[in-house]
Structures are given as structure tokens and as C-alpha cells.
Amino acid sequence: MIIDCPVCGPRHLAEFSYGGEASRTPVDMDNTDREDWSTYVFARQNPRGPHDEHWQHSGGCRSWLRVRRDVTTHRIEVVRLIGPFAGETRS
Amino acid sequence: MAESMIAWPLDGHLPAGRHGAGSGEAPLTLTELRPGSIVEVGCWPDTLNRMRIVLPQLGRNATIMEPAPGRWWLVSPEPGLAQELERGIDTGLGAVVDLSDARAVLQVSGPATIELMSRLVPLDFGPARLSTGRTAETIAGHVGVTLHRTAPDCVEMYVFRGFARSFVHSVRQAAAAFGYQVV
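Quick mapping for you: the protein sequence lines, in order, are chains G and F. Using my numbering, read the first sequence as starting at 59 and increasing by one per residue. Using my numbering, read the second sequence as starting at 1486 and increasing by one per residue.
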């Protein structure tokens, strides 16, 4: 599988680390509700088809990416740079 | 630091002479480069444009690489570049980290360079990708390396100093198939 890193260009899967499903939102740290935390920690959409997920280019530029990947075909539709430099490129 | 105190990472691990396959002129030349300064500079999202203007002025004759937005490497033959940059970059603009003692630098040159690199790193060296002058961060044998292609047949590899010996060992193993000289 090849991920087209917005910073580095297309790179092999060996350079990336999986960062989990991207669609879940973190629970407020002041929230002590067990149900909310259980959902955040354990519940996944686990779709058969396109899946939004985080990847880190750990063996490259170390940027975090948001990737839309079809889990049945590994076809990647969108890769976006996230974090403080989202939208920027190398000059 | 006085020159006499410096222990270079590949001292004694890259013996000069001709090695590996064949005889006569080798298609590969390996050299340990010994830059006086390797410095990483980072900036904040709102100082990106300012840093892009300021850094070439502060870095003067240093080679400037930009592995990712907001992160730069400056390499200079002169020591003391980190201290110089620290004077020009305050915490409002960015941060400076001296990597001079943290990396080993190995230069590969010669007509077999790209063929050798393709045995070491999962990278496309075509003109649209890592063309001359470009830099890339990648992995070689699970070890992170920063590559700088300085000419069509010349690549400089920056590797963590602690991994330098095993990295050079793997490079020499791969280079032996072509034949190489150490200068």
C-alpha cells in the first residue's frame, strides 16, 4: 500500500504508523461519565468500505495525516495534512 | 570544541581503499562527511512566512533543507552555527536545536549511486521525486535517514549517530555487489 503524503509524496506503507479511526471526538477531560469514555475508547464504526483514519508518517516527515481509505480495496481517496501546519507545503 | 577532541562517528569503520566486487575503478565512492554544524530549526504556524525570509539570511552560506513545513536543517562546514542562529531566533520566532554531534553523514557518489540507494531505501529517485537538490526523510533497515541528493549521482545520508556503525555496515554490504572505494 502506498500513501501519498502531502509533504513527501507517495511513500511505502513501511514508513507509516496507524493512528486509529479519525471520526471519533475526544471526551472532555472533566467529563467523568463512564458511558461517554467507554464509547470514545472502545466504540468504532468499523465500516466495510471507505474509512477515515489517522496515520503518522513516522518514518518520514513525522507529520500526522487524515486518510480516507477503503478497507476492502486499500484504495485511498483523500490524504490531508493535519496539525498546526495543515494546508502548508514545503517551499 | 577543539579539533583534537572530536571523535567522528565512523572513525575506523570505513577503511580507505577499494572493496567489494570487480577491480579497477569502482562505480561507487563512500566518504564520511564531517560538517562543522548540523542544526535543526523549527517555527510556529504563525511565523512560517517570516522564518522563510529570515532563515536564509541568518544561515548565510549554510545548506538549507526543508524536510517538512515549519522544520529546517542547516548544514555548514563551519562550527558554531547553532549559537549564531540562537542569537537571531528568539522563542517568539522559533526554536533551534544543535544536531552537530547527533548525526553521522555518509556520502555516496559514482554511477551506481541510485542503484545502490534503491537497495537501501523505499524511495523513487525519478526526476519528479527526489531530483537533484531535493531532500527526503525515509527509513533504511528501520532506521530513520535524511537524504540530500546533491548531484544526479551523489547522495548524502544523515543517520542517527548511535546507529551509524550498523547503518554503514548495511551500506557496505549493499555496495560490495558493485565494488566501492572509500575516500
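By construction, these hints were calculated from the structure, which means they are not laboratory data. Treat the hints with caution; some may be incorrect.
[Said to hold, decoys possible] Restraint-style ranges between C-beta atoms, simulated for each label pair:
hint: 1; chain 1: F; residue 1: ILE1491; chain 2: G; residue 2: SER96; range: 22 to 30 angstroms
hint: 2; chain 1: F; residue 1: GLY1573; chain 2: G; residue 2: PRO108; range: 42 to 50 angstroms
hint: 3; chain 1: G; residue 1: ILE60; chain 2: F; residue 2: ASP1583; range: 34 to 42 angstroms
hint: 4; chain 1: G; residue 1: GLU79; chain 2: F; residue 2: ARG1650; range: 39 to 47 angstroms
hint: 5; chain 1: F; residue 1: GLY1611; chain 2: G; residue 2: ARG92; range: 26 to 34 angstroms
hint: 6; chain 1: G; residue 1: VAL136; chain 2: F; residue 2: ASP1609; range: 15 to 23 angstroms
hint: 7; chain 1: G; residue 1: PRO108; chain 2: F; residue 2: GLY1626; range: 33 to 41 angstroms
hint: 8; chain 1: G; residue 1: SER116; chain 2: F; residue 2: PRO1596; range: 44 to 52 angstroms
hint: 9; chain 1: F; residue 1: SER1616; chain 2: G; residue 2: THR90; range: 50 to 58 angstroms
hint: 10; chain 1: G; residue 1: GLU93; chain 2: F; residue 2: THR1635; range: 56 to 64 angstroms
[Stated by the list, open to error] Anything over 10 angstroms on all C-beta distances counts as not near chain G; from chain F, calculated:
hint: 11; residue: ALA1492
hint: 12; residue: ASP1496
hint: 13; residue: PRO1562
hint: 14; residue: PHE1648
[Said to hold, decoys possible] Covered stretches of chain F, going by a simulated chain G footprint (3 or more residues, C-beta under 8 angstroms):
hint: 15; region: 1615–1626
hint: 16; region: 1633–1640
hint: 17; region: 1653–1662
Ideal Cβ placement from N, Cα and C applies to all residues, glycine included.
**OP:** Report holds if the minimum CB distance from PRO1562 (chain F) to chain G is greater than 10 angstroms, and violated otherwise.
**Re:** holds (24 angstroms)
Original post:
Range hint 15 to 23 angstroms: satisfied by the CB atoms of VAL136 (chain G) and ASP1609 (chain F)?
Top reply: Given about 21 angstroms between the Cβ atoms, the range holds.
Subject >> Stated coverage of the region 1615–1626 of chain F by chain G [criterion: 3+ residues, CB within 8 angstroms] >> reply: holds (count 4)
**OP:** Between the region 1653–1662 of chain F and chain G, see if three or more residues pass the 8 angstroms beta-carbon test, and mark the coverage as holds or violated.
**Re:** violated (count 0)
**OP:** Could you see if the CB distance from GLU93 (chain G) to THR1635 (chain F) stays within 56 to 64 angstroms?
**Re:** Holds, at about 58 angstroms.
Subject >> Outcome, coverage hint (the region 1633–1640 of chain F, chain G; C-beta under 8 angstroms; three residues) >> reply: n = 0 at 8 angstroms, threshold three: violated.
Original post:
Between SER116 (chain G) and PRO1596 (chain F), does the beta-carbon spacing fit 44 to 52 angstroms?
Top reply: Because 33 angstroms falls outside the window, the suggested range is violated.
Original post:
Do the beta carbons of GLY1611 (chain F) and ARG92 (chain G) sit within 26 to 34 angstroms of each other?
Top reply: With Cβ atoms ~54 angstroms apart, the hint is violated.
Original post:
Measuring from beta carbon to beta carbon, are ILE60 (chain G) and ASP1583 (chain F) in 34 to 42 angstroms?
Top reply: holds (35 angstroms)
**OP:** Just double-check ASP1496 (chain F) for me: nearest Cβ-Cβ distance to chain G has to come out over 10 angstroms.
**Re:** Non-interface label on ASP1496 (chain F) holds, nearest chain G Cβ at 28 angstroms vs cutoff 10 angstroms.
Subject >> PRO108 (chain G) paired with GLY1626 (chain F), Cβ distance criterion 33 to 41 angstroms >> reply: Since PRO108 (chain G) and GLY1626 (chain F) have Cβ atoms about 34 angstroms apart, the given range 33 to 41 angstroms holds.
Original post:
Holds or violated: 39 to 47 angstroms for the Cβ distance of GLU79 (chain G) and ARG1650 (chain F)?
Top reply: Because 40 angstroms falls inside the window, the suggested range holds.
Of the numbered hints listed earlier, those contradicted by the structure are 1, 5, 8, 16, 17.
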